[in-house]
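Engineer: Chain by chain, the residues run as shown.
There are 2 protein chains.
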Amino acid sequence: MSTFRAVNPHSGEEFGPEFTNASNADVSKTIDSARAPHLSPTDRSALLSNIATAIESDRASIVEIALQESGLPEARLNGELTRTVFQINTFAQLVATGAHLGVKIDKADPNYGMGPRPDIRKQNQPLGTVAIFAASNFPLAFSTAGGDSVSALAAGCAVVLKAHPSHPGTTRAVFNAIQKGIKASGQPQEIFSLVEGNDPHITHWLANHPKITAIGFTGSGPVGKLLVELASKREVPIPVYAEMGSINPVFVTSAAIAERAEALAKGSVDSALLGSGQFCTKPGLFILPASHADAFLSEIEKYLATLSVGPLLNKGIADRYSSAITKLSSLGSIKVYSGTNSGNGLAVTPTFFVGDWKTIASHSELLEEHFGPTTVMAIANESDYESIALTLEGQLTATIQGAESDSLKGLISILSERAGRVVWNGFPTGVSVTAAMQHGGQWPSSSSHTTSVGTDAIYRFMRPVSYQGLSQSNLPEALHDSNPWNVPQQIS
Amino acid sequence: MSTFRAVNPHSGEEFGPEFTNASNADVSKTIDSARAPHLSPTDRSALLSNIATAIESDRASIVEIALQESGLPEARLNGELTRTVFQINTFAQLVATGAHLGVKIDKADPNYGMGPRPDIRKQNQPLGTVAIFAASNFPLAFSTAGGDSVSALAAGCAVVLKAHPSHPGTTRAVFNAIQKGIKASGQPQEIFSLVEGNDPHITHWLANHPKITAIGFTGSGPVGKLLVELASKREVPIPVYAEMGSINPVFVTSAAIAERAEALAKGSVDSALLGSGQFCTKPGLFILPASHADAFLSEIEKYLATLSVGPLLNKGIADRYSSAITKLSSLGSIKVYSGTNSGNGLAVTPTFFVGDWKTIASHSELLEEHFGPTTVMAIANESDYESIALTLEGQLTATIQGAESDSLKGLISILSERAGRVVWNGFPTGVSVTAAMQHGGQWPSSSSHTTSVGTDAIYRFMRPVSYQGLSQSNLPEALHDSNPWNVPQQIS
Chain A
0 MSTFRAVNPH SGEEFGPEFT NASNADVSKT IDSARAPHLS PTDRSALLSN IATAIESDRA
60 SIVEIALQES GLPEARLNGE LTRTVFQINT FAQLVATGAH LGVKIDKADP NYGMGPRPDI
120 RKQNQPLGTV AIFAASNFPL AFSTAGGDSV SALAAGCAVV LKAHPSHPGT TRAVFNAIQK
180 GIKASGQPQE IFSLVEGNDP HITHWLANHP KITAIGFTGS GPVGKLLVEL ASKREVPIPV
240 YAEMGSINPV FVTSAAIAER AEALAKGSVD SALLGSGQFC TKPGLFILPA SHADAFLSEI
300 EKYLATLSVG PLLNKGIADR YSSAITKLSS LGSIKVYSGT NSGNGLAVTP TFFVGDWKTI
360 ASHSELLEEH FGPTTVMAIA NESDYESIAL TLEGQLTATI QGAESDSLKG LISILSERAG
420 RVVWNGFPTG VSVTAAMQHG GQWPSSSSHT TSVGTDAIYR FMRPVSYQGL SQSNLPEALH
480 DSNPWNVPQQ IS
Chain B
0 MSTFRAVNPH SGEEFGPEFT NASNADVSKT IDSARAPHLS PTDRSALLSN IATAIESDRA
60 SIVEIALQES GLPEARLNGE LTRTVFQINT FAQLVATGAH LGVKIDKADP NYGMGPRPDI
120 RKQNQPLGTV AIFAASNFPL AFSTAGGDSV SALAAGCAVV LKAHPSHPGT TRAVFNAIQK
180 GIKASGQPQE IFSLVEGNDP HITHWLANHP KITAIGFTGS GPVGKLLVEL ASKREVPIPV
240 YAEMGSINPV FVTSAAIAER AEALAKGSVD SALLGSGQFC TKPGLFILPA SHADAFLSEI
300 EKYLATLSVG PLLNKGIADR YSSAITKLSS LGSIKVYSGT NSGNGLAVTP TFFVGDWKTI
360 ASHSELLEEH FGPTTVMAIA NESDYESIAL TLEGQLTATI QGAESDSLKG LISILSERAG
420 RVVWNGFPTG VSVTAAMQHG GQWPSSSSHT TSVGTDAIYR FMRPVSYQGL SQSNLPEALH
480 DSNPWNVPQQ IS
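Line order of the protein sequences matches chains A and B.
Going by numbering that gives the first Met the number 0, 36 is the number at position 37 of the first sequence; the sequence numbering is gapless.
Going by numbering that gives the first Met the number 0, 273 is the number at position 274 of the second sequence; the sequence numbering is gapless.
Don't take each hint at face value.
Pairs involving identical chains hold if they fit within one copy or between any two copies, as the list cannot separate such chains.
Said to hold, decoys possible - Simulated crosslink set (PhoX-like; lysine-lysine; CA at most 25 Å straight-line):
hint, residue 1, residue 2
1, K265, K334
2, K210, K224
3, K301, K334
4, K408, K210
Read the hints as simulated data drawn from the structure, not as lab findings.
Whole structure, please, built from the sequences with the hints as guidance.
Structural biologist: Below, the structure is given as structure tokens:
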């Protein structure tokens with residue numbers, strides 16, 4: 000029975016209680032006990048609201064342990080808790096309307112154009128018990144009560160959460176708040192359960208359990224791809240909604256630099272270093288116009304030299320970062336710009352790599368995601384931007400920093416074929432939780448066309464079912480003519 | 000350069016011109032030439048309408064060749080052509096509204112609950128060039144201009160159609176009509192192209208081509224699973240929408256038999272024999288109540304003995320049917336009921352298998368889909384229906400034949416977790432093309448939670464893309480504030 004403890008990134012030291020690695024039997028028992036009660040939109044909305052309220056009530060204690068375990072700044076963690084609670088309430092509001100059930104009612108029609116039509120009614124139904132893998136980099140908003148868990152709960156699924164071992168105490172604190180919210184709603188605690196551990200077997204046990212009907216994952220490409228492979232080899236394959244990150248290219252036009260060089264330089268550096276460069280939306284590649292690159296890069300070099308960042312989230316990330324930086328720093332014809340190292344625990348040195356596009360494109364490691372405070376700045380002819388964009392693989396986001404005078408419809412169109420979200424004159428970091436958000440969609444940034452942020456994330460955990468010819472009393476509530484749940488019904 | 004010819008199922012003889020197997024180079028050239036122009040809802044709707052009109056205009060010649068190649072009755076083929084044209088027009092109507100673009104507009108909000116929100120706008124965009132594999136069993140409605148092709152065209156994709164070698168002349172006739180419709184719309188002919196052949200390599204070449212972005216397939220389990228596997232091993236995996244069939248269980252209650260034994264017996268046999276038992280929705284398993292089974296089965300045995308069916312669609316299906324019937328007929332403790340053999344060409348003998356549920360469940364071959372005029376009738380205690388339902392794998396449909404007095408909510412709920420469509424007092428054959436239809440959804444009956452019939456099939460071939468902070472002139476038309484395409488915009 001192996002155990003593990005949390006590590007404080009500021010000191011690099013273990014602290015706090017021992018956590019026990021779940022065994023295969025523990026995982027099976029947890030999944031077999033999971034329960035997904037059939038709830039009305041009102042009751043499900045109340046469940047979510049009560050969970051949000053309980054997390055908000057425990058804000059101080061949650062943020063306190065998250066501070067120790069993540070090394071992230073207090074303001075960031077408070078903001079992340081606010082976002083987490085907001086996210087849950089957003090789903091509570093959606094679910095209350097019943098719009099997510101997607102009800103369509105086609106009444107019997109003896110004169111239907113292709114021949115008599117029976118009464119057919121369709122609604123979305125929850126998939127069952129789903130496994131959600133928490134992310135390390137947002138210990139609140141993409142972890143225990145994060146977007147994946149909450150969208151699955153909102154859909155009506157039971158959630159089995161694989162806790163991230165980087166923040167086990169934070170996970171427990173949020174889990175306890177969730178359980179308080181469930182209890183306050185009079186619902187069974189087995190709606191939401193926890194699997195703890197840093198044993199890689201746990202991933203396999205969860206993905207292979209026959210009662211798991213879908214997987215939500217936010218994390219690295221290799222683990223996401225492993226989950227996709229495991230899920231496809233099951234006797235009954237299941238969908239894997241894996242958000243695996245990307246390099247989030249930013250194309251900068253000469254007109255943009257001419258218009259706002261200083262703000263643009265600072266904004267670019269700040270976005271790349273945000274959260275110590277541990278955002279899945281971190282800009283990992285800037286394409287700069289050769290005509291205006293020199294002065295712009297000199298601004299960046301100077302600004303970066305003044306900056307340090309907080310420690311990385313865990314030893315694995317810090318070690319991978321250091322080894323990537325060592326390797327990339329030794330490539331020929333690539334300049335290295337550095338910030339300063341804050342020195343303690345899992346702290347690292349911000350490091351940017353600069354070169355011409357052709358040299359960069361010849362080193363595939365420079366076009367991979369590297370977690371931590373690093374990015375790549377590639378110098379190219381502006382007339383080559385479209386052909387460069389055509390070589391890029393699937394991305395979470397793609398950004399253009401341009402000016403009113405730029406004609407960029409061709410580039411925008413190419414980027415929209417490669418990215419889930421196209422950003423103009425902003426930075427990709429910062430992902431609003433809203434109906435129109437799309438986070439994911441193109442391989443290898445994600446494993447499906449769905450979004451993991453925003454209210455549409457709920458549809459990953461539901462499937463449509465049609466009912467033909469059923470009497471009113473045998474139909475699910477949302478499909479009744481009397482519409483007892485008062486949900487939107489598209490009737491024809 | 001190998002060739003093949005059509006076979007007339009009535010005679011079993013080859014006839015008509017030689018068709019050439021596409022080479023790998025042919026397949027690549029076709030895919031590389033595919034074009035998916037950016038069209039307004041009005042123009043795309045007109046394209047679909049023009050295709051429908053052209054197919055209707057060529058009705059006589061299309062039905063004439065389909066008669067020879069499929070052996071299906073003329074009334075059925077005329078009905079199928081009507082359905083095909085109706086289906087295309089249904090998509091034309093949907094596309095004209097622009098509702099399929101799913102436009103959501105979240106305007107910038109400095110006071111948004113989780114922090115300032117930028118302007119974010121989302122729409123569904125076509126995936127690109129998709130490969131559609133035509134089915135043998137609906138030479139019109141699920142073939143060249145069938146549900147998969149037409150939903151992909153409606154989505155805005157370019158379609159590369161793998162023709163089914165069972166009906167090559169029918170495919171050409173429909174393809175020519177499609178090209179007339181495209182020409183009448185002033186669109187490029189490369190929106191829709193054809194790959195012909197009976198060489199199994201073609202499947203691999205299509206599935207592995209880097210420009211193919213999705214696959215639509217209606218056919219057998221083994222080929223569907225091969226496509227899923229090929230697609231998952233690509234450098235960039237792509238979605239496979241495979242509809243692979245199922246046994247479509249029908250649970251019959253004692254109250255239903257007491258109420259309408261004769262009509263129910265005839266209806267059950269007719270549904271199993273419809274289209275010579277070559278429907279993906281054929282009821283392949285009836286569960287009959289032990290208390291009322293004897294008299295009911297004797298009705299069925301008598302009725303079946305009077306019936307013959309048309310020849311099977313091709314030699315492969317006829318050979319597989321005959322070998323399955325030989326094998327199943329030799330199982331112990333299973334009764335065999337037979338119809339009559341019409342004698343010529345690819346004609347076969349309708350054959351039903353009858354036994355108690357436990358014996359049937361012990362022979363997995365009896366619970367597999369067998370194309371052709373056969374079904375299985377299992378006798379069970381009515382009190383075991385729920386536990387039997389719990390053992391069933393994923394199905395396209397699940398049916399209950401019951402009476403008002405039955406309390407079957409538990410069984411309905413279990414069936415809704417296993418099937419895409421739950422039918423009450425009807426038969427699963429006959430699938431209406433309508434908004435509320437769900438055809439597919441649970442493995443192994445299909446490879447995703449989507450539907451391949453009805454207007455929602457369009458969403459298989461689109462993905463959402465968000466645009467953040469773009470100026471009006473840089474946004475796609477559907478996202479403009481002025482709404483030049485007049486599409487539904489969900490604004491918040």
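Engineer: All the hints need checking, so say for each whether the structure fits it.
Structural biologist: Structure-based check of all given hints:
1. Proximity of K265 to K334 under the C-alpha cut-off of 25 Å is restricted to the intra-copy arrangement: shortest distance 19 Å within a copy versus 81 Å between copies.
2. Taking identical chains as interchangeable, the C-alpha atoms of K210 and K224 lie at most 25 Å apart whether they share a chain (21 Å) or sit on different chains (21 Å).
3. For a Cα distance limit of 25 Å, the shortest separation of K301 from K334 inside one copy, 14 Å, qualifies, whereas the shortest one across copies, 87 Å, does not.
4. In this homomeric assembly, K408 and K210 come within 25 Å of each other (Cα to Cα) only across copies, at 22 Å, whereas the closest approach inside a single copy is 47 Å.
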